[in-house]
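Student: With the hints as constraints, model all of the structure from the sequences given.
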Amino acid sequence: MNQFLPEGMRMHTAENQAALHSVDAMREAMADGTILEARAVLCDHAHNLMVQLPCMRGWIPREEGALGITEGTTRDIALIARAGKPVCFQIQRIETDASGEPVAILSRRAVQQACWNHYLSLCRPGDIIPAVVTHLERFGAFVDIGCGIPSLLPIDMISVSRIAHPRDRFHVGMQIRVIVRQIEPGRLYLTHRELLGTWEENAALFSVGQTVAGMVRSIEPYGIFVELTPNLAGLAEPCEDVRAGQCASVYIKAILPEKMKIKLSLIDAFQTDDPPAPMHYFIQDTHIDRWRYTPSVSSRVIETVFSPEHSIS
41 MNQFLPEGMR MHTAENQAAL HSVDAMREAM ADGTILEARA VLCDHAHNLM
91 VQLPCMRGWI PREEGALGIT EGTTRDIALI ARAGKPVCFQ IQRIETDASG
141 EPVAILSRRA VQQACWNHYL SLCRPGDIIP AVVTHLERFG AFVDIGCGIP
191 SLLPIDMISV SRIAHPRDRF HVGMQIRVIV RQIEPGRLYL THRELLGTWE
241 ENAALFSVGQ TVAGMVRSIE PYGIFVELTP NLAGLAEPCE DVRAGQCASV
291 YIKAILPEKM KIKLSLIDAF QTDDPPAPMH YFIQDTHIDR WRYTPSVSSR
341 VIETVFSPEH SIS
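Going by my numbering, the first residue of the sequence shown is number 41, and it counts up by one from there.
None of these hints come from the bench; they were simulated from the model.
No farther apart than 20 Å at their CA atoms in a straight line, the calculated lysine to any residue pairs in the SDA-like style are these:
1. 303 / 292
2. 303 / 241
3. 125 / 214
4. 301 / 249
5. 125 / 92
6. 299 / 262
7. 303 / 250
8. 125 / 99
9. 301 / 263
10. 299 / 335
11. 293 / 306
12. 301 / 253
13. 303 / 283
Computed beta-carbon distance windows for the label pairs:
14. 249 / 55: 50 to 56 Å
15. 222 / 313: 34 to 40 Å
16. 54 / 312: 37 to 43 Å
17. 342 / 42: 28 to 34 Å
Computed from a prediction, not measured in an experiment: that's the story for all the values here.
All C-beta atoms, glycine included, are put in the ideal place defined by N, C-alpha and C.
Tutor: Structure (structure tokens):
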């Protein structure tokens with residue numbers, strides 16, 4: 041099992057809770073170098089993190105709060121933003137305060153360094169890894185790819201179907217899978233759209249004559265693009281009073297693999313505040329070398345080749 045999970049995925053496990061339940065158990069975890077997780081409840085004026093532990097107080101000193109803090113390559117907002125959220129750590133030492141109570145001194149930086157050295161730096165282009173969405177911006181989604189180490193998933197790498205904002209696909213805290221696209225020292229570049237299936241795989245979910253639900257993604261002079269799945273959209277005739285972002289009921293008139301087209305007829309469009317649906321992943325493996333989106337009968341070729349040449353050491 042991958043021990044370098046995104047933060048939040050370890051905290052409620054039986055193993056983690058057992059290691060934190062007593063001073064003796066924590067001393068054993070310290071001796072073993074076990075990675076643990078608990079909630080940071082406070083970030084003080086010096087940007088030290090206080091961690092909520094069942095049997096004692098825990099502190100992560102600022103310089104141990106994240107990779108790059110001491111060097112200045114990581115800003116202190118990375119520590120401030122952890123207040124109220126899970127943090128992973130190893131126990132550096134257990135001290136006794138002035139009142140004789142035990143205090144655990146913790147390091148999140150050490151865990152992140154181990155995560156990079158023994159997990160992320162060993163990844164190859166095409167490897168599929170777990171991630172958790174931590175922040176959404178118009179240009180992409182920031183994700184935790186292990187022990188709080190962040191990476192950016194650009195908006196054009198999220199799905200084949202275009203979206204206006206990553207919140208159209210994700211919400212903060214959502215557990216997803218991502219593919220390593222390129223590797224540079226200290227950084228992974230990610231993609232996601234290949235996991236959501238080829239044109240044929242998505243089109244096979246539908247049949248001519250069905251009326252199905254979709255999402256209006258764009259309005260053009262020649263028609264309305266309606267997303268049927270994150271990697272499949274069809275075109276309906278122009279219609280007044282339809283807006284991007286609305287849900288739509290559409291009738292499927294034709295499915296044309298050689299042209300990669302789905303012809304639709306718009307039945308109705310309406311507003312909804314439903315959150316993004318969970319992702320359906322067509323690829324369950326942990327690595328892929330190549331992915332071709334377009335059908336073999338199509339003259340167009342849209343594909344991704346994951347090559348070791350995209351690793352820069």
